[in-house]
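J.: Going line by line, the protein sequences match chains C and D. For the first sequence, our numbering begins at 1 and goes up steadily by one. For the second sequence, our numbering begins at 403 and goes up steadily by one.
Hints are computed from structural coordinates only; laboratory data are not their basis. One or more hints might be untrue.
Straight-line C-alpha distance at most 25 Å; calculated SDA-like pairs for lysine to any residue [unchecked claim]:
(1) C:209 / D:593
(2) C:209 / C:226
(3) C:336 / D:595
(4) C:336 / D:502
(5) C:336 / D:516
(6) C:336 / D:557
(7) C:336 / D:599
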Amino acid sequence: MLPTTTYRTTAFVEAARQIGVELTVASEEPSALQATSLGGLVTLPLQDPQRAATEAFLFAKKYPVAAVVGVDDDTAIVAALIAQRLGLKGNPVHAMQAARDKHQQRELLAQAGVPIPRFMLRRLDEDPAAIARSVTFPCVVKPLRLSASRGVMRADNVQGFSNAQKRLDAIVCEPEASFLIEEFIPGYEVALEGLVVNRRLHVLAIFDKPDPLDGPFFEETIYVTPSTVPAGLQSSITDCADRAVRALGITEGPVHAELRYNENGPWLIELAARPIGGRCSAVLRFGAGGLGSGAGVTLEEIILRHALGMPIPSLQRERQAAGVMMIPIPGAGTLKDVRGIAEAKAVPLIEDVQITAHPGERLIPFPEGSRYPGFIFARGETPAVVEAALRDAHRRLEFVLV
Amino acid sequence: MTEEIRITAEPIDTQRCKFVVSVPVWAGGVRRFTGADEAKGSPLAEAIFAIPGLAVSELIVSGNIITVVKQSTAPWQAAGRAVGNAIRSTVTADVPAVTAAPKPASGEGSAVTDDALYEQVAKVFDEQVNPMVARHGGRVELIDVQDAVVMLRMGGGCQGCGMADVTLRQGIEGMLAQLVPAVRGIVDITDHTSGANPYFQAAKK
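Full structure from sequences and hints, please.
T.: Here you go:
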């Protein structure tokens, strides 16, 4: 299921071609050529998972389906419902709903004893001053369902909290909506990419996030793998993510977790039942440099193979260090030009610079916005040189906004 | 005066990658090369086919876009640097980077077949594909057919569209497989990074 807003269309379409499977693409809006490709394209109301599952069930009677894969938080729920209706391998629906809803997720994690920040659920139309009386600062306010850290803000005092709540209210723009208030956990942040196979978490990569994510907003920038965190701590991080996977009841498929660690050990910040976002998966390849078969297998190919029950050549990431920078939003305005791309690409170890924002596109900074203007990829012998290359390349880019 | 050459790589999949060059490379339509022998006389193609370990099997040059198809499993991020160097060195040289294809001897079947295929594919594009993609403000232009491989360029709402690959692979490819089964493949030579008004735009997660 490829929503029209996903970055992953090409990666999944090409992965399907690579392994030679017939693909049906389901999106929430019709393709211009849908009428010509009766079994290859289908429009499903992805915003209404139950109805989407019913329509998919009817579709599958005419065009049999062997596996169903969602690529983001919302389609993971739809995929679980369709798999259930069709008797295919998939996750329990309740697990996907819990992964999608930040409050439900935290309740299950807390019940299972997974270390998470203290949290409370309040409504956005409540009086901030009244809520603030029961808040310990610093805290983080979060919407329940937005992605990519959109709307996530740190508040250090009552005034900051009040401002953040009002700002979030304007972003969510939904009557009677609730939001989360979470204890701010100081520490170093990592991301874990994994594949759950028959309830067992296989770690595909642990990424360091070397830029401090201390607020006031939480815009992602650099991911570098392998992690430089000591092996023992990596094991604790993996254990923490594994406990979270079990607590939510995830049984199959990709997971992406964000964790922090400090002197008290690892803390689970978020867990999503989907692969890493944006175009970041391009930094991962598996089996490359190994013993032949499976050299350079992509994450998307692994996900499709797993869903179809096909052999997976390797879950072992390549030996080299690799990193990606989600290019920070350079400011508010309309993008006129991006300069220095050739210079950025010429930086040693830089493999690609992809500008995904289009000329004329309006860029909106965090926390209201969340669409990164592009991605930089690097590969090298050590995480340190990869990180340095990403920063060097980024310095050479100039975004011209009007 | 030496003009700065900017080259942008757009990997399509593990085998194919488009390189968009900031200056025109070949103004004579589309030139497709399927091996080192065909590349002789075109320094750009000679240089790319000669890159060690890349196992280039096909090269298509049209305007400022160069599409490279390789058989090696090396990732484009690494291979692209060698291709970029080859492009840069030949495009800035004093001799033309690409020369016209030799005229086929009369009676050779391939060109005739391609001409016939061109007519059939053009009819499908005119009568079926374009009226449909026009609903999304898009258009698909048939650039050429060479050795039964269709070269096309997307424009309007299709250029830079997040679902362009779906239109191409799930839509156009399937239509041609049904209606013009002699077509062996499709190469999209669109510069999707320049699309100013894509119909669908991606957002993280």
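J.: State for each hint whether it applies.
T.: Outcome of the hint check:
1. C:209 / D:593: Roughly 32 Å between the alpha carbons, so the hint for residue 209 of chain C and residue 593 of chain D is violated.
2. C:209 / C:226: holds, 11 Å
3. C:336 / D:595: Distance of about 13 Å is within 25 Å: holds.
4. C:336 / D:502: violated, 36 Å
5. C:336 / D:516: violated, 41 Å
6. C:336 / D:557: holds, 20 Å
7. C:336 / D:599: holds, 13 Å
Hints 1, 4 and 5, counting from the list given before, are not met by this structure.
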